[in-house]
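Q: Could you put the whole structure together from the sequences, leaning on the hints where they help?
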Amino acid sequence: GASSVVSAVPRDTVSPSVPGSFTATAASCSQINLSWNAASDSGGSGLNGYDVYRNGVFRKHVAAPATSTSDAGLLASTTYDYTVAAVDNAGNLSAVTTRTITIDQTPSTVSLTAPGTGAVINGTTTFSANASDNLGVKQVDFLVDGALVGSDPTGSPYTFSWDSSTVADGLHFVAARAI
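In terms of our numbering, the sequence shown is numbered consecutively and its last residue is 179.
Bear in mind the hints are in silico, worked out from the structure with no lab data behind them. You may find that some hints are simply not true.
To be verified - Taking lysine to any residue and the SDA-like style, the derived pairs with C-alpha atoms no more than 20 Å apart in a straight line are:
1) 138 <-> 23
2) 138 <-> 29
3) 60 <-> 49
4) 138 <-> 112
5) 60 <-> 38
6) 138 <-> 100
7) 60 <-> 91
8) 138 <-> 21
9) 138 <-> 77
10) 60 <-> 98
11) 60 <-> 23
12) 60 <-> 71
13) 138 <-> 78
14) 60 <-> 25
15) 138 <-> 153
A: Laid out in structure tokens, this is it:
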């Protein structure tokens, strides 16, 4: 008689890895941008994508290989909890990673107190600024000609020592921004 060989393919029961470095950033007073590092699937079925939840409610599925999305139509001055989980082609979900973000419509205030307008500086100089925000100031960034040269997370007054020999002689614009 005839014989046949049947081989069974094992079912994927292994969950994908947790998406890494999950960030939630307010893009405007009504939109949050979400991004994360790719997860991996070692169970054999392959990575399908990511399920995104807002405040525990499923919002959307993001197909792999994409690792970012946005959520729009949000309310200003509102706190949102976002969760992302990887899902493989067998339907296995990873553990979740969560971020909480508040959309803030009130701008921070920051004033550069040193060096003064029109100051001539040479060598190392100390930048100084005061800043406030209704949700708190994480840090103040100091910029020269629009480029970040240093930050201070320690509190008001925020300071940073800058070596002016890193730029050519001439007129330069110094600014501070609150984060």
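Q: Are the hints correct? Go through all of them and say.
A: Do the hints match the structure? See the list:
no.	hint	verdict
1	138 <-> 23	holds, 16 Å
2	138 <-> 29	holds, 19 Å
3	60 <-> 49	holds, 10 Å
4	138 <-> 112	holds, 16 Å
5	60 <-> 38	holds, 17 Å
6	138 <-> 100	holds, 15 Å
7	60 <-> 91	holds, 15 Å
8	138 <-> 21	holds, 19 Å
9	138 <-> 77	holds, 17 Å
10	60 <-> 98	holds, 15 Å
11	60 <-> 23	holds, 17 Å
12	60 <-> 71	holds, 9 Å
13	138 <-> 78	holds, 19 Å
14	60 <-> 25	holds, 18 Å
15	138 <-> 153	holds, 6 Å
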